[in-house]
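Protein chains: 2
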Amino acid sequence: MIGGRRPLHGRKPADRRVRVERPHSPYFRYTGRNQLVAKAAAHEPKTALGRTWARIRKIAIGRPLASEEEIGERLSKKKALAIFSSDAISSSAYATEEILRVLVLAGAGVALSLSLEEAAAISVLLAVVALSYRQVCRAYPSGGGAYSVSRENLGALASLVAAAALLIDYVMTVAVSTASAVAQAYSVVPSLYDIRIEIAVVAIALITTANLRGLRESGNIFAIPTYLFLGLALSMIGIGVVNVVTGQAVDIHQADAVQNGTEGLGLFLLLKAFASGSVALTGTEAIANGVPAFQPPEAKNAANTLVAMAVLLGVLFIGITFVSDAYGIEPTVDGGQTVVALVAGTIFGAGSPLFYLFQASTALILFLAANTSFNAFPRLAALLAIDGYIPRQFAFRGDRLAFSYGIVLLATIAAALLVFFGGDTHALIPLYSVGVFVCFTLSQIGMVRHWSRHRERGWWWRAAINGFGAVLTAIVLIVVASVKFADGAYLVVILIPLIVGAMLFIKLQYDASRRELAVRRDLVFASPKREERVVIPIPGVTRAVIQAVNVGRSISEDVRAVFITENPEDAQALRDRWERQLPGVPLVVVESPYRALTGPLEAYLDVLDAAWPPDKTSPITFVVLPEYVARRWWERILYNQSVKRLRSALLGRPHTVVVNVPYRREDPTLFERTPVADSGGSTETPAEP
Amino acid sequence: MIGGRRPLHGRKPADRRVRVERPHSPYFRYTGRNQLVAKAAAHEPKTALGRTWARIRKIAIGRPLASEEEIGERLSKKKALAIFSSDAISSSAYATEEILRVLVLAGAGVALSLSLEEAAAISVLLAVVALSYRQVCRAYPSGGGAYSVSRENLGALASLVAAAALLIDYVMTVAVSTASAVAQAYSVVPSLYDIRIEIAVVAIALITTANLRGLRESGNIFAIPTYLFLGLALSMIGIGVVNVVTGQAVDIHQADAVQNGTEGLGLFLLLKAFASGSVALTGTEAIANGVPAFQPPEAKNAANTLVAMAVLLGVLFIGITFVSDAYGIEPTVDGGQTVVALVAGTIFGAGSPLFYLFQASTALILFLAANTSFNAFPRLAALLAIDGYIPRQFAFRGDRLAFSYGIVLLATIAAALLVFFGGDTHALIPLYSVGVFVCFTLSQIGMVRHWSRHRERGWWWRAAINGFGAVLTAIVLIVVASVKFADGAYLVVILIPLIVGAMLFIKLQYDASRRELAVRRDLVFASPKREERVVIPIPGVTRAVIQAVNVGRSISEDVRAVFITENPEDAQALRDRWERQLPGVPLVVVESPYRALTGPLEAYLDVLDAAWPPDKTSPITFVVLPEYVARRWWERILYNQSVKRLRSALLGRPHTVVVNVPYRREDPTLFERTPVADSGGSTETPAEP
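Those protein sequences? They're chains S and W, same order as listed. In terms of my numbering, the first sequence is residues 1 to 689. In terms of my numbering, the second sequence is residues 1 to 689.
Fair warning: there could be bad hints in the mix.
In the EDC-like style, the derived pairs of lysine to aspartate or glutamate whose C-alpha atoms are separated by at most 20 Å in a straight line are [as the list claims (entries may be wrong)]: (1) W:LYS39 / S:GLU566; (2) W:LYS507 / W:GLU198; (3) S:LYS507 / W:GLU566; (4) W:LYS39 / S:ASP609; (5) S:LYS507 / S:ASP334; (6) S:LYS39 / W:GLU569; (7) W:LYS77 / W:ASP387; (8) S:LYS78 / S:GLU298; (9) S:LYS300 / S:ASP522; (10) W:LYS39 / S:GLU569; (11) W:LYS300 / W:GLU516; (12) W:LYS507 / W:GLU635; (13) S:LYS507 / S:GLU152; (14) S:LYS77 / S:ASP387; (15) S:LYS39 / W:GLU298; (16) W:LYS507 / S:GLU152; (17) W:LYS78 / W:ASP387.
Since the hints were derived computationally from the structure, they do not count as laboratory data. This one's a predicted model, so the numbers in the text were calculated from it and none came from an experiment.
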């Protein structure tokens with residue numbers, strides 16, 4: 001195995017002859033004439049540096065997976081619940097607090113006791129949205145995200161609005177969940193408050209690494225804390241309810257509660273509390289997006305998992321709100337405990353092992369929620385890249401079947417947001433809900449169109465469910481965008497059109513280049529007869545130059561070297577030497593009193609183009625550049641600066657092809673056996689022109 | 001003129017035929033067979049973007065200058081004094097204050113009155129150093145910086161120590177002079193204190209721009225303020241002395257003076273004051289470094305200018321110290337007036353026009369002092385680059401005969417230091433003097449060696465002068481490094497060996513590559529007979545691919561295309577099309593279940609290398625990469641990502657040459673007249689593999 005990974009040219013002749021009989025065997029298997037399938041060894045890096053890097057990556061992100069193994073990555077319902085539902089379920093850790101933080105503005109007592117009604121109303125909304133999404137799972141077994149559903153039913157523009165909203169949403173999920181997880185941590189250890197941003201960034205880095213390892217291991221890593229959180233949270237609510245029923249619940253008194261406000265309890269405040277609490281619904285769509293990751297039958301499994309998730313979330317949200325209401329718990333000032341931590345501390349006893357375990361599992365499920373986006377964002381980005389709306393590199397896959405570009409981009413933006421907003425959950429929330437409800441609404445409208453077009457059995461009641469969902473989520477969208485506008489929702493309202501515009505622009509670019517590059521299918525392209533000419537800019541007589549000249553002579557008979565200098569005496573000495581050592585290759589000396597390099601070379605090529613006999617059309621000039629191959633990072637600074645400048649100047653020239661001839665230290669006999677140098681007294685200059 | 005700048009290939013055929021007779025004429029003049037001299041037009045950029053950029057550069061930094069014009073850049077003594085002496089002379093603006101700031105620690109009265117004695121002692125040191133450097137001008141008319149003198153007389157290591165000290169010194173000159181100039185500004189307008197760092201950074205940016213324009217205009221820009229400062233400062237001292245003599249000088253009372261200390265007036269404090277004041281000597285060596293910039297006779301003119309400078313500096317330094325002593329002026333707290341501003345305010349009257357004019361000219365001459373380094377640093381960097389101690393790009397010249405890399409590097413480091421030290425002159429001073437005295441000492445020791453080796457007439461007394469200078473400056477070096485060690489001098493003591501180490505490392509690298517690349521002078525290199533093979537990785541059938549295949553077919557008969565895919569169905573469709581449209585070019589399909597691109601291609605090339613018949617040696621594989629030429633910045637993101645990855649992976653391969661075939665939108669008939677595409681219904685993918 002190890003032997004098969006080494007490049008063949010490093011082998012001894014005897015060894016090599018054995019290989020020659022079946023040279024492909026370590027890397028490929030044949031499936032037909034000129035038809036090969038790459039084995040894992042074909043992906044091994046060939047250089048020492050590359051091998052070291054691969055070894056580090058293997059330790060950090062695991063061994064590469066082939067496409068065939070992907071089916072093994074399918075998720076059981078239990079694992080899928082852990083991965084896809086954590087976003088929704090974990091929002092129970094902060095949704096109650098968001099409601100309370102608004103109601104507290106209207107003072108304690110009556111206002112705060114309304115939190116339970118608010119939570120109940122939001123849970124009804126949740127039920128409607130979940131029922132609507134169940135239908136998406138069945139209608140789109142290949143994955144019915146808001147983007148796909150809108151694209152199929154509402155056209156490109158609506159789908160791009162959905163895509164932009166989703167992308168923002170995924171970023172916000174990572175930022176908000178991580179911030180809330182860190183808040184759970186400093187609820188237990190207050191001194192962590194001062195390094196909350198550092199903790200959040202490190203946590204995102206860890207989740208990023210886990211995701212670069214691939215989907216399945218994410219499931220394994222995260223299943224346990226999810227079920228631990230569910231178990232503990234349900235127990236906590238159960239104990240709390242029993243306490244209330246048995247009359248043991250007493251109002252606790254907090255020293256660090258935020259000051260109660262004196263705002264009137266008007267409709268605006270109630271709507272604002274509702275809008276804040278509706279953050280509980282974020283992540284409900286994750287399962288519908290991820291249907292293909294379920295084990296078969298995918299649609300049915302996904303739909304059932306969705307119901308389980310909605311029920312669990314509803315119970316947790318109402319339960320936590322009920323218990324906190326019964327104990328008179330209020331939100332604390334910055335750096336204090338979270339509401340959910342206060343509830344847990346009251347029920348389990350602050351400082352008890354169960355309290356610590358609950359806080360740990362809450363923080364972990366919040367990280368898991370962030371992880372949801374790490375699954376969804378790169379998949380959506382890849383879809384968009386395949387459709388040509390974002391740069392193609394987002395559809396490249398990494399070794400572990402993960403879309404590395406998307407993962408890294410998501411992590412970077414989320415970490416930047418966290419740093420910018422000082423790691424504060426509440427500051428981030430207003431940016432969060434708008435995108436979510438844009439997606440909900442577009443999805444449900446799309447589903448109505450879907451049912452009315454396909455008219456399967458029972459289409460009308462299915463359309464009615466989705467229609468009801470669409471109307472409800474549209475109303476909530478308007479409410480959320482209005483009441484939270486000044487708090488930050490306006491940013492999302494600005495961002496969505498900007499992102500849509502950028503995606504349309506990229507699409508136009510790719511479409512234009514595709515049209516330009518298209519070739520008619522009925523043409524046959526024969527080998528052209530064409531003039532060629534080779535021009536080699538040289539810095540002197542060096543091995544790298546002689547290699548380049550030899551490559552030039554194998555391309556064409558018409559080879560000339562160009563020496564650009566500011567010093568005419570250098571030029572004469574070089575000409576004498578050149579004509580003695582490389583007879584037959586004309587040397588053109590260009591004196592450049594302005595000390596420039598690229599300008600005179602380009603001008604000389606223009607002159608050659610003009611002088612080309614007019615009866616020969618479409619000539620090519622090959623510009624051969626000797627290049628010294630860097631093995632170490634500092635060599636990139638020390639060598640090839642001039643080559644780089646020449647190369648980028650020449651790539652835009654018509655009729656010109658740039659040929660890079662590498663000179664590698666390891667390989668002094670590359671192309672031609674030049675004798676070992678007599679370094680004493682020689683005045684050659686190194687490779688760089 | 002304008003017509004001559006346009007690329008010839010853009011012309012109409014009739015126009016072109018005229019050019020063909022003398023196609024070189026707009027760009028070059030012939031000086032022999034295959035011997036051209038570039039005209040200015042040959043340096044004009046050929047693309048629209050390049051032309052725009054050149055226009056901006058022309059506005060910002062002026063038109064390009066040819067080497068022939070350099071002699072016109074030679075400086076008269078008057079201009080040379082302005083450019084090279086400003087560093088030394090301007091230090092009179094802060095040297096007195098640096099002495100006072102130390103003495104004040106021992107309380108007012110006796111201690112402060114010692115400032116005049118300190119200044120006198122430093123002036124004696126100045127006289128000795130100036131006499132020593134006069135001899136350097138005569139002995140090294142080609143420019144006798146500490147680096148050149150040490151290299152010639154003391155060997156490579158000493159010269160590198162001198163070079164490192166000089167580089168640090170130049171950076172410190174920019175930082176300290178700019179900080180002091182800004183302090184003069186906020187001495188007049190106190191509210192500028194809060195934006196001192198911003199002002200300093202903008203000032204450095206302006207000086208950088210001026211220097212990118214070239215040397216002569218620097219002289220013109222800066223001569224007037226220098227002579228204005230000299231005139232005003234000498235008048236101020238004159239008035240002050242007359243006032244003292246006539247008994248009109250009275251002790252002024254300052255509200256914002258720093259608290260007098262209670263330290264005993266021991267030897268350490270006196271030495272520390274001396275070390276602080278010795279900053280007055282910085283810049284004395286500038287003239288000896290810049291001898292070749294003088295008008296002939298260079299050595300004599302430089303030596304005389306040096307004497308003028310030393311006398312002026314001595315008078316200013318002692319004069320300002322005398323007047324400030326007579327008026328009992330003490331240094332102020334942070335953000336208050338500088339000592340020199342207090343002197344000017346006292347003599348000219350605070351708020352009088354002369355006071356404002358003096359402050360302006362002081363700030364300007366300090367900026368001029370910073371400018372000294374912008375002349376010296378890039379010249380030294382270029383010398384070091386030519387000798388192979390720092391990366392070669394520092395020897396590239398920009399359009400205006402200025403060494404752009406060095407200028408930009410100097411500005412960047414100095415601005416960073418200013419920001420880091422909060423724009424505070426006093427905080428920067430301890431880092432300043434050590435480097436200066438290292439250079440002085442090494443120069444003078446080198447000169448002693450010089451005289452004792454050359455033994456010209458009168459060599460012994462010349463050696464005695466330099467020997468005395470060496471001993472004196474060595475003692476001062478030890479004093480400065482000791483008493484200022486904890487205040488920041490230790491940084492310089494650490495930095496110098498680090499810089500020397502880095503330069504030795506780079507030298508080793510370049511020497512090793514030169515030896516590797518050296519070619520024996522007695523060999524003749526004939527055209528090699530060698531096998532070639534072309535491999536073209538393709539993303540489908542596009543115009544860019546057909547261009548690449550055509551280029552491949554002109555390089556060799558043995559051309560094969562490689563299609564790497566994860567989807568076998570795609571592969572079959574492509575093969576059918578390929579064999580119909582490009583008969584004779586075998587298509588190899590590599591299925592890559594791991595979705596990688598570079599790994600399978602490298603493995604396939606390894607297989608080809610191994611399968612090459614063993615009797616043919618040194619084959620070359622040309623890997624032809626179709627590349628879509630980006631015209632806009634966003635196109636660099638949208639296209640060629642895969643090409644970049646392939647290119648960098650393949651550059652390290654033995655026996656492999658990478659050929660980049662650009663596809664330019666503007667040029668659809670490049671290489672071959674492919675018919676205009678029938679875009680309807682075609683399924684081609686764009687250029688990127």
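Verification of the supplied hints:
Only pairs whose Cα atoms come within 20 Å are accepted, and LYS39 of chain W paired with GLU566 of chain S is accepted, the gap being roughly 12 Å. Simply put, LYS507 of chain W and GLU198 of chain W have alpha-carbon atoms about 38 Å apart, too far for the 20 Å limit, and the pair is violated. Between LYS507 of chain S and GLU566 of chain W, the direct Cα distance comes to roughly 24 Å. Violation of the 20 Å bound is thereby established for this hinted pair. For the suggested pair LYS39 of chain W and ASP609 of chain S, the alpha carbons sit about 18 Å apart, so the restraint of at most 20 Å is met.
With a C-alpha separation of about 45 Å, the suggested pair LYS507 of chain S and ASP334 of chain S falls outside the 20 Å cut-off, and the hint is violated. With a CA separation close to 19 Å, the supplied pair LYS39 of chain S and GLU569 of chain W stays within the 20 Å bound. Simply put, LYS77 of chain W and ASP387 of chain W have alpha-carbon atoms about 30 Å apart, too far for the 20 Å limit, and the pair is violated. A hinted pair counts as satisfied when its Cα atoms are at most 20 Å apart, and LYS78 of chain S with GLU298 of chain S qualifies at roughly 13 Å.
With a C-alpha separation of about 47 Å, the suggested pairing of LYS300 of chain S with ASP522 of chain S is violated against the 20 Å cut-off. Distance restraint check for LYS39 of chain W and GLU569 of chain S: the Cα-Cα separation of roughly 19 Å lies within the 20 Å cut-off, and the hinted pair is therefore satisfied. Taking the CA atoms of LYS300 of chain W and GLU516 of chain W, the gap is near 45 Å; set against the 20 Å cutoff, the hint is violated. For the given pair, LYS507 of chain W sits about 39 Å from GLU635 of chain W by alpha-carbon distance, which is inconsistent with the 20 Å threshold.
Restraint check for LYS507 of chain S and GLU152 of chain S: the C-alpha separation of about 18 Å stays at or below 20 Å, so the hint holds. Between LYS77 of chain S and ASP387 of chain S, the direct Cα distance comes to roughly 30 Å. Violation of the 20 Å bound is thereby established for this hinted pair. As the CA atoms of LYS39 of chain S and GLU298 of chain W are separated by approximately 73 Å, the hinted pair breaks the 20 Å bound. Distance restraint check for LYS507 of chain W and GLU152 of chain S: the Cα-Cα separation of roughly 64 Å exceeds the 20 Å cut-off, and the hinted pair is therefore not satisfied.
The suggested pairing of LYS78 of chain W with ASP387 of chain W is violated, with an alpha-carbon distance near 32 Å, which exceeds 20 Å.
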